[in-house]
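Residue-level listing of the chains:
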Amino acid sequence: MLDFDIEEVFADLEEKDYREHEFVQVLAAIIPSFVFQLQKRSGAVFPSVPGAAAVIDLADGIFAEIQQQGYLLINGRGGTLCGINVEELEGVLFCWQEQKEEKRTFCDQTIAGLIRAACRYALMQLEFKDVQTENDQLSRQIGVLKKQHLDLVESNHRQYMQIQEKERHYAKNLESEIAARTAELRKVNADLQQASRLKSEFLANMSHELRTPMNAIIGFSDLLTETKLDSEQADFVKTIKNSGDGLLALINDILDFAKIEAGKLDIAQEVFCLPDVVENVRAMFLKPATEKNIHLHYNVDDKIPSEVIGDGNRLKQILVNLTGNAMKFTEQGEVSITVDFIKELDSGCVVRFLVSDTGIGISLEKQAGIFEKFTQADGSISRNYGGTGLGLAISCQLVELMGGNVFLCSAEGEGSIFSFTVQLKIAPSAGEGQEATGKKDVQDTAGASQRKEEPGAEQALADFQVLLVEDNLVNQKLATILIKREGCAVDIAGDGVQALEKLKQGVYDLILMDIQMPNMDGLQATQRIRAIEGSEEKTRYQGLAGEKEPVVIVGLSAHARKEDEEQALEAGMNAFLTKPIVRKDLIVLLDRYKAKE
Amino acid sequence: MYTPEKLLDKFKDGKTLPHVAIKVTQMVNDEDTTMQDFEETIKLDPILVSRLLRLVNSPYFALSSKVDSIAKAVVFVGMKSLRNLVAVEALRDIFNDSDDSSGFSRKHLWLHSATVAIIADMVGKRIFGDSREDLFLAGIIHDIGLVIEDQVAGGVLREACQLYLAGQGTFVECEQRMIGTDHCEVGYRIAKEWKMPQDVLNAIRYHHNPEKEQAANSVTGIVQLSEYMAGKMKYAVLPEKIEPLSPHLVKHVKSMMSNYKIIVRDLPQEMEKAKDLYDPEA
Numbered sequence: 001m002l003d004f005d006i007e008e009v010f011a012d013l014e015e016k017d018y019r020e021h022e023f024v025q026v027l028a029a030i031i032p033s034f035v036f037q038l039q040k041r042s043g044a045v046f047p048s049v050p051g052a053a054a055v056i057d058l059a060d061g062i063f064a065e066i067q068q069q070g071y072l073l074i075n076g077r078g079g080t081l082c083g084i085n086v087e088e089l090e091g092v093l094f095c096w097q098e099q100k101e102e103k104r105t106f107c108d109q110t111i112a113g114l115i116r117a118a119c120r121y122a123l124m125q126l127e128f129k130d131v132q133t134e135n136d137q138l139s140r141q142i143g144v145l146k147k148q149h150l151d152l153v154e155s156n157h158r159q160y161m162q163i164q165e166k167e168r169h170y171a172k173n174l175e176s177e178i179a180a181r182t183a184e185l186r187k188v189n190a191d192l193q194q195a196s197r198l199k200s201e202f203l204a205n206m207s208h209e210l211r212t213p214m215n216a217i218i219g220f221s222d223l224l225t226e227t228k229l230d231s232e233q234a235d236f237v238k239t240i241k242n243s244g245d246g247l248l249a250l251i252n253d254i255l256d257f258a259k260i261e262a263g264k265l266d267i268a269q270e271v272f273c274l275p276d277v278v279e280n281v282r283a284m285f286l287k288p289a290t291e292k293n294i295h296l297h298y299n300v301d302d303k304i305p306s307e308v309i310g311d312g313n314r315l316k317q318i319l320v321n322l323t324g325n326a327m328k329f330t331e332q333g334e335v336s337i338t339v340d341f342i343k344e345l346d347s348g349c350v351v352r353f354l355v356s357d358t359g360i361g362i363s364l365e366k367q368a369g370i371f372e373k374f375t376q377a378d379g380s381i382s383r384n385y386g387g388t389g390l391g392l393a394i395s396c397q398l399v400e401l402m403g404g405n406v407f408l409c410s411a412e413g414e415g416s417i418f419s420f421t422v423q424l425k426i427a428p429s430a431g432e433g434q435e436a437t438g439k440k441d442v443q444d445t446a447g448a449s450q451r452k453e454e455p456g457a458e459q460a461l462a463d464f465q466v467l468l469v470e471d472n473l474v475n476q477k478l479a480t481i482l483i484k485r486e487g488c489a490v491d492i493a494g495d496g497v498q499a500l501e502k503l504k505q506g507v508y509d510l511i512l513m514d515i516q517m518p519n520m521d522g523l524q525a526t527q528r529i530r531a532i533e534g535s536e537e538k539t540r541y542q543g544l545a546g547e548k549e550p551v552v553i554v555g556l557s558a559h560a561r562k563e564d565e566e567q568a569l570e571a572g573m574n575a576f577l578t579k580p581i582v583r584k585d586l587i588v589l590l591d592r593y594k595a596k597e
Numbered sequence: 001m002y003t004p005e006k007l008l009d010k011f012k013d014g015k016t017l018p019h020v021a022i023k024v025t026q027m028v029n030d031e032d033t034t035m036q037d038f039e040e041t042i043k044l045d046p047i048l049v050s051r052l053l054r055l056v057n058s059p060y061f062a063l064s065s066k067v068d069s070i071a072k073a074v075v076f077v078g079m080k081s082l083r084n085l086v087a088v089e090a091l092r093d094i095f096n097d098s099d100d101s102s103g104f105s106r107k108h109l110w111l112h113s114a115t116v117a118i119i120a121d122m123v124g125k126r127i128f129g130d131s132r133e134d135l136f137l138a139g140i141i142h143d144i145g146l147v148i149e150d151q152v153a154g155g156v157l158r159e160a161c162q163l164y165l166a167g168q169g170t171f172v173e174c175e176q177r178m179i180g181t182d183h184c185e186v187g188y189r190i191a192k193e194w195k196m197p198q199d200v201l202n203a204i205r206y207h208h209n210p211e212k213e214q215a216a217n218s219v220t221g222i223v224q225l226s227e228y229m230a231g232k233m234k235y236a237v238l239p240e241k242i243e244p245l246s247p248h249l250v251k252h253v254k255s256m257m258s259n260y261k262i263i264v265r266d267l268p269q270e271m272e273k274a275k276d277l278y279d280p281e282a
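Heads up: the protein sequence lines correspond to chains A and B, in order.
Take the first sequence: its letter number 267 is residue 267 in the numbering used here, and every next letter is one higher.
Take the second sequence: its letter number 188 is residue 188 in the numbering used here, and every next letter is one higher.
Fair warning: there could be bad hints in the mix.
[Said to hold, decoys possible] Below are the BS3-like pairs computed for lysine-lysine, each with C-alpha atoms no more than 25 angstroms apart in a straight line:
(1) B:K72 - A:K147
(2) B:K6 - B:K192
(3) A:K166 - B:K241
Since the hints were made in silico from the structure, they are not lab data.
Treat the numbers as computed from the prediction; the structure is a model and nothing was measured.
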């Protein structure tokens, strides 16, 4: 394919007879010994010691001879290294020896041999030079290969390290991305919780605002029933009262629920009587049970101590809810409340409550849903049975707060069993010192109802002076009526400042002090009153100047939280009542202080 | 008459170096490139992958085991060699775009380029003990300017050739006179756009510039030498008239004459081994 002559490629660059010249140079290097032999053999003496130039001349002469004979010393197409064919050259030399007879006179066989050897040597020198060159090239190529190899190894190693580094980097990035996402989700979650809390707080506030007018509606319809009404009017008032009660219950539910959601509901740890609580619940539903002809009964395990520590009121609320549901969805048969002793603990026991009915039951697929908020098993049920679906949700949450869970076992058409367990501590000594609050309530209630039977008491105690400090006009009115009904005189102050003014002139047996008021709130007013009582200033306040005990202050607040009560007592109040004022509680309270009087 | 810009503008309407080739050339210059990056880029052109693997497994690389992936090819022959092969593939398409054979043969030019590339590689390794992969790249791409001129202004280029053969000055002078620019400048500009290494750019720009003395072992010097040798071996664009070598390169060649003769002797063998690289029919 490639059509070229190696010698031709660089022909333009080379001086003429380059290769021949090279040959002559090599030959000339050997010639001094050749000359010496010539002198020795022929006896001929050269005019002077042959210098380099003479030697080259001589070698050139030999070369010229060779060329003159028409023999090609250099054979570019010969195919051997450097194009010189040694065999051919030897032939040339022999020819030369034979044909030039006259020169043989001083150039015998030995000299011919020497020339031959010298020529061969020169040729071999050339050949050697070429081999050496090739060798050089090969070693350079080996060097290059080595370097390339090394570079590759190095580069591969570098890449390997880089890939590793990249992978580490990816892993790190992934980690930080996950971390960022997690943080983001946490934040969103926190925001959502915050939003939920805010909503619940709003709900709590709203409920509170709703309760205030409800209080008035119920209170006044209560009072209205006691006036002279014809039967139609009595029926209207009863409807108002029932609706009001229903609405208040609902508002209470919402308030409870909101409190739970907002994490503001605390579980009390008080001594109470468990059988009494269950009995109370049964008593509540006895009337509707009789009306529906449903058998309602309960059973409390004997092993359960009657006096335990826990939140009796909340427990009652849960049972009322579950029993209420059972009653609602049962048309015939029975509803039963069972309390079992499960096991004993170091400082208490585990108790299981079962509320079972023979009602419509709940299908399996709907069972999971009913624990969701605002859900009833069947949307249509709301229309048939009413209810908000809040009750069960609240019950569940309360049980959870008490450390338990509500379980449901039900089959459609065969009734349902709701159960839950709670841990209760056993009261240290269920003896005289600490009276169970549950029982006390019952007694108090009984006392209150008895009191109603004694109209004569009203006049007897008319000189008991009460100062009502309350900013809300409706509440003022209601409370005034209630207090007056208990045979007490009432004076009214709109806030703390007004109350202090009243105390300058008037003397009171009891101050009923609302906590939240404009100008000066109940807590501030109480602190001020106690401060005045303890100083010389009291001489300016007739109501506080008395030598006897300090004036009785009873706090009044819509917030029924424990810490509200604690705050009130800390401020110097003697007792605390929640709004809306429950009539019987007020009666108990007034009775207590009247008795001291 | 054309300016280099005008020529390039017109040329770019037609065929140019594929994106993958440009990207690969860039990646080789980046210290942080890994075989994975290389493989990902080349994989964008599946035909190129199979072509490259064929070349890597050809006798030219004389690998002892078969290479079946680009990543492996990087491991065995290195990124720069692989880049050279990508360039070969891309340039072959450009060079063999037309079958015009009147006076100026693209096919001939391609063979010339391949010969120069192979000689340059040999000279680098055998004379200077140098393993620069840029030498091959410079050889294969040094006359890209001619392709552009041929594509855009083929007629005028032929006239310039005639002028040159008629002895009206150097080839570059004739190009200047007829076209308005020369293939060195045009080639330099396009190669710059293709992000070729600086050595290669210099070789393209100065390979016809005997006044600017190039060190014998520089890429430009070696390309000049290789082109001279290829020309003398009848693998020139216009083998009828070979431009002389600049005096200092003559001096260098003379000092290493036997070395160069060995290269000339071994060239046919090397060309045969590299046949897959330049012979489209192979």
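Going through the hints against the structure:
no., hint, verdict
1, B:K72 - A:K147, "19 angstroms, holds"
2, B:K6 - B:K192, "16 angstroms, holds"
3, A:K166 - B:K241, "55 angstroms, violated"
This entry does not satisfy hint 3, going by the numbered hints stated previously; all others are met.
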